[in-house]
Amino acid sequence: MAPSRSLPHFDKATLPLTSDEALMLYEDMVLGRSFEDKCAEMYYRGKMFGFVHLYNGQEAVSTGAIKTLRPDDYVCSTYRDHVHALSKGVPARQVMAELFGKATGCSKGRGGSMHLFSAEYGLLGGFAFVAEGIPVATGAAFQTHYRRNALNDTSADQVTLCFFGDGASNNGQFFECLNMAALWKLPIIFVIENNEWAIGMAHYRATSVPEIYKKAAAFGMVGVEVDGMDVMAVRAATLEAVQRARCGEGPTVIEALTYRFRGHSLADPDELRSRSDKEFWMSRDPIKTFATYVLEQGIVTQADLSAIDQKVAELVDEAVHFAEASPEPAPQDLHHYIYAD
Amino acid sequence: MAPSRSLPHFDKATLPLTSDEALMLYEDMVLGRSFEDKCAEMYYRGKMFGFVHLYNGQEAVSTGAIKTLRPDDYVCSTYRDHVHALSKGVPARQVMAELFGKATGCSKGRGGSMHLFSAEYGLLGGFAFVAEGIPVATGAAFQTHYRRNALNDTSADQVTLCFFGDGASNNGQFFECLNMAALWKLPIIFVIENNEWAIGMAHYRATSVPEIYKKAAAFGMVGVEVDGMDVMAVRAATLEAVQRARCGEGPTVIEALTYRFRGHSLADPDELRSRSDKEFWMSRDPIKTFATYVLEQGIVTQADLSAIDQKVAELVDEAVHFAEASPEPAPQDLHHYIYAD
Amino acid sequence: MAEMLLFNALRAAIDEEMERDPTVFVLGEDVGHYGGSYKVTKDLYLKYGDVRILDTPIAENSFTGMAVGAAMTGLRPIIEGMNMGFLLLAFNQISNNAGMLRYTSGGNFKVPMVIRGPGGVGRQLGAEHSQRLEAYFQAVPGLKIVACSTPKNAKGLLKAAIRDNNPVLFFEHVLLYNLKEEIPPGDYVQALDRAELVRPGQEVTILTYSRMRYHCLHAVKALEEKGYDPEIIDLISLRPFDMETIGASVRKTHRVLIVEECMRTGGIGAELSAAITERFFDELDAPVVRLSSQDVPTPYNGALEKLTVVQPEQIIEAVEKLVHGQV
Amino acid sequence: MAEMLLFNALRAAIDEEMERDPTVFVLGEDVGHYGGSYKVTKDLYLKYGDVRILDTPIAENSFTGMAVGAAMTGLRPIIEGMNMGFLLLAFNQISNNAGMLRYTSGGNFKVPMVIRGPGGVGRQLGAEHSQRLEAYFQAVPGLKIVACSTPKNAKGLLKAAIRDNNPVLFFEHVLLYNLKEEIPPGDYVQALDRAELVRPGQEVTILTYSRMRYHCLHAVKALEEKGYDPEIIDLISLRPFDMETIGASVRKTHRVLIVEECMRTGGIGAELSAAITERFFDELDAPVVRLSSQDVPTPYNGALEKLTVVQPEQIIEAVEKLVHGQV
Ligand SMILES: Cc1ncc(C[n+]2csc(CCOP(=O)(O)OP(=O)(O)O)c2C)c(N)n1
Ligand SMILES: Cc1ncc(C[n+]2csc(CCOP(=O)(O)OP(=O)(O)O)c2C)c(N)n1
Ligand SMILES: [Mg+2]
Ligand SMILES: [Mg+2]
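Chains as they are written, first to last, in the numbering used here: chain A, 129 to 469; chain B, 129 to 469; chain C, 102 to 428; chain D, 102 to 428.
Source of the hints: derived by calculation from the structure; they are not laboratory data.
There's no promise every hint is true.
Said to hold, decoys possible - Keeping only pairs whose Cα atoms sit at most 30 angstroms apart, straight-line, the calculated BS3-like set for lysine-lysine is: (1) K406(B) to K422(D); (2) K422(D) to K353(C); (3) K166(A) to K407(C); (4) K439(B) to K175(B); (5) K166(B) to K407(D); (6) K175(B) to K148(D); (7) K313(B) to K342(A); (8) K406(A) to K416(A).
The following block holds chain A by itself, in its conformation from the complex:
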């Protein structure tokens, strides 16, 4: 079955890729996919608990968007945050250790799957409540704006990427922040991963105008839709938006049309999405599509890709070993981190 609205087509020729770039994008997507597959395995083996939301299928969005950033830029995520963390550079072992609840995890085992944080890598957090990260991300962008405009710090050109879903786009915080971001021209990009579902709620049943990118216009902001299964399309749109944000020209809404290949979380029976829908979207697997393209274009070789597959598999295995070997947080540290000194 075709998706409920026609997908925008991206002319890949407009984004020439070097082989290094192509491999970097490929590696990041494969890392995301492999990491999540490993999580599922570990979850079913009782190594991690709670709600675990995997990202399979949406890799082109994380990679396409985040891999345009500098290390000092910010990313804000949701409960579906593993892969955003990885794309932003948080080491896989730190993420895996967090999922195992270990003291070596990026949130010291206190956060868990829905609460990944890394000050070092500019990850503002995984926010477990729908839409609550949007204002926080807006605040990080405001901080850049503040340093530039109130403190005259000309080096203040960091960009904040704020990720959330179609379901979140019906929440008031989204609109409140669109307004403030546009009003003050904050350097933020709202990346909406429209995977058509909010748990069991089909997007078209939850919203009166399903084209989320169109809400941007109501706030005088640029809004674009992109094929969220095409890493190059996402990258091209984000590059443009990042450019706009960096030079103080304000925010952008990017709606990426995508799909998750698994249930909402590992606890979700996933009974409502039709088989034909799933098949349609699976056939557009962003990793396979990208691999085919870069091979066809002769930008990379199959050997290059295989080497990456191999490398990533080792990395993910290493992450599991690290997580398993890591210590639990010390019981006497239960009250650590409540107050800062």
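Knowing the structure of chain A, use the given hints to seat chains B, C and D with the ligands on it.
For chains B, C and D with the ligands alone, coordinates are given in the frame of chain A:
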């Protein structure tokens, strides 16, 4: 000085008025104005306390919109609620008594100026927190929708009018409710009284796209702007919206461009609005303009209008007498009305 | 009598009340086609349609306010908080409008609505999904707050809450949905304002609610073997407290242990302890003791999480100390 | 020493801290051009510009979350709640993010921010504008909660709050802004976690905060004339309590009266009473007594409003009863 955006022009000829209609509209506006002037007097004489927000200047909106309704329709208001209550039919004496904190007040002296309620007259309330009335109004509209669609009650065609200001239109609840109202085609009309200011915050400093009616399109809803100083323009737009709502065709946003002739509340020094702005808007006094028009058109006579002025003055005086003569709530009733039986 | 799982008992309560009264409806996230995250409304949309089982957008504040408006105008909404924590976003609508509007309106309107869903600390759900909102909401005037704990009381209490003409915050516990119990057939209600005497005893009064009832029962088993005789009372109503039942017990045992899952500071136990001390000071042989969760956001790590929440061993120890006058 | 009005003392605190530290900024509704509803930020935008004194749209939840994000990344926001009650709309951002995020992030981020503004019952402002949010927020882990009460402590505490690396909920009182007092010149801070001994005494410990301090002082004047000798302690810190100062007093007087403006159920006094009884049961000659507001939304009518809030006569009566062992 001209207003920050050009006012839509309404062709009055498109709304023929009988003399009864004209007098009804005139009377309601004069009642609103006189009542508020009396409130100011009573406040300065120490008869009422707390925050009192007067409506002077905006009468064309209350009258133009509410006087299209049936008694069984609903109105939802804010802290600036006296005149909406009057237009909906709550007797002036009940409103005045409430402001005096008397047991005969429409909220039994418990609510005060910002919390007028009347189940009898379909006034869902004055809501003191900005924007919090919007969901409540949406709920009343949902109730009508429910009776019609879930209970097959064909008499369920009541309309809910939800009033709020330009400042409120930046709040998330507004957008959340636009979405739900449009999604379910609820019989509600969002009447935004854009008086250009939210206390001391100029609308254009608070919002990235000052044309509030344009937000409606982002939700697939009809949005119109009207000259909020022209009671006939407001009436015409509301008649259309009411018609749409009654027959189940969904909600409407009406942005009425208006101005308040006094400070935000009686405690507001009102130092930020420019004199030229005030003069511009005062010159468009909705009551004077309407009186001039209906006299010029020969729809009514000066004697008709004078009789109404007289009648309203007496009514407002009577309301004060009633309020003064009314008893305070009994101390032993302090705990009444917490729980319903 | 038939055995029923707790989530099905809740479902039965809703189903029966919806049949009984056409103004009763359910709204919330994924209550319809998905059947509710904990299956409490499973397939009810097939019977009652999409309007009476209303799937909402993720807009807690507004759909809660919408329920208030619907309640004011004659309907009886049941809001499902997919997780009660999400209703932090609806705090204003719950406190100002659900809770206070009847009073502020001088009795013009009543607001008959139920706000229900899973609360409490689950199994490694992380800080935000492990809220105990009863502590945050207990001071809101006009609300009734109830916590169910067994399939039987879940059904009877929920039916009573739906029929009540006031806003009722109704807490289920994320770890109790699969409890199984025989419950009476057909229609029955349980009073919202009465505590349940779970186990009569002479030596100490254990006041608890929700999931901690089971930790107490667990502890009491061990205590019985050691020869102790504690009384367990399940509060059921967290606002207001059933001070009659509680008082009768205190007058008998003269010692009180509160076992709660909310954090210590500003928890339910705080008000309860204060209220008991005020009224029954001369009856008390020892200070009221609170066993509460630690004052920390719930950590994800399983061992830390366990340390955060009261465990049966602590109850055993506290009872022994209380009885031996070591407090 | 110069005399200063409380609102100006707060303004001075903000001004001095903004001068001292360029990362400090103010945001909220009408804090800029309008100067703040109670003039606390009057004309500061002229000195610091529109970015450092940021007028926000009416979007409490989002601008609070925005402050959290700014604090996480190096700024020190001061949010003005035009009325603290409005922050009910920001409950989720205050609890989940301001309060808990540091912990949940395993110490990755700190959230240095102040959320300040007028709370309490004013003069006939109606139910929604008469909130006492300290009761609702007291259970949130990670927050510090402070209530100032004099021009002098207002300035010192606010400066300390701004320099603190944690989220501080800072309550002013809508009826105290025009208090006048001599305050020390220039820079001084007052510890956030220390109670103030307002009047030393021997017979009974009166624990209070914010505006009720004055009702207590008022009552104590009359009590002194009758020959009583109560001790008054202003809590200052509502989370956590300064149990050291409180304990020293209880050990001396053996009787405690709590006078608070929040509603009785689930108020600050509830936790305080429980905490005192737990730790000092054997020191107490009588149960801890709470004088609190009635459990009703604040009615508009002036006479009812007065009945809702504790009055000095009630304090006098309670002290007399306590001292004479009639409690
Ligand atoms: C405030 C809040 N409400 C509800 C939830 C429960 N919830 C978790 S994810 C989700 C669906 C979100 O859908 P979407 O925004 O489309 O993101 P996706 O999961 O599809 O990535 C819901 C309702 C929550 N976590 N927080
Ligand atoms: C939630 C909330 N935030 C802030 C306020 C304070 N406040 C009262 S009126 C007002 C301005 C509202 O402006 P607008 O919506 O334009 O309505 P107007 O007063 O102009 O009629 C503000 C900020 C409030 N009452 N409630
Ligand atoms: Mg989605
Ligand atoms: Mg306005």
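Hints versus structure:
no.: 1; hint: K406(B) to K422(D); result: 61 angstroms, violated
no.: 2; hint: K422(D) to K353(C); result: 27 angstroms, holds
no.: 3; hint: K166(A) to K407(C); result: 26 angstroms, holds
no.: 4; hint: K439(B) to K175(B); result: 23 angstroms, holds
no.: 5; hint: K166(B) to K407(D); result: 26 angstroms, holds
no.: 6; hint: K175(B) to K148(D); result: 40 angstroms, violated
no.: 7; hint: K313(B) to K342(A); result: 20 angstroms, holds
no.: 8; hint: K406(A) to K416(A); result: 16 angstroms, holds
Of the numbered hints listed earlier, those contradicted by the structure are 1, 6.
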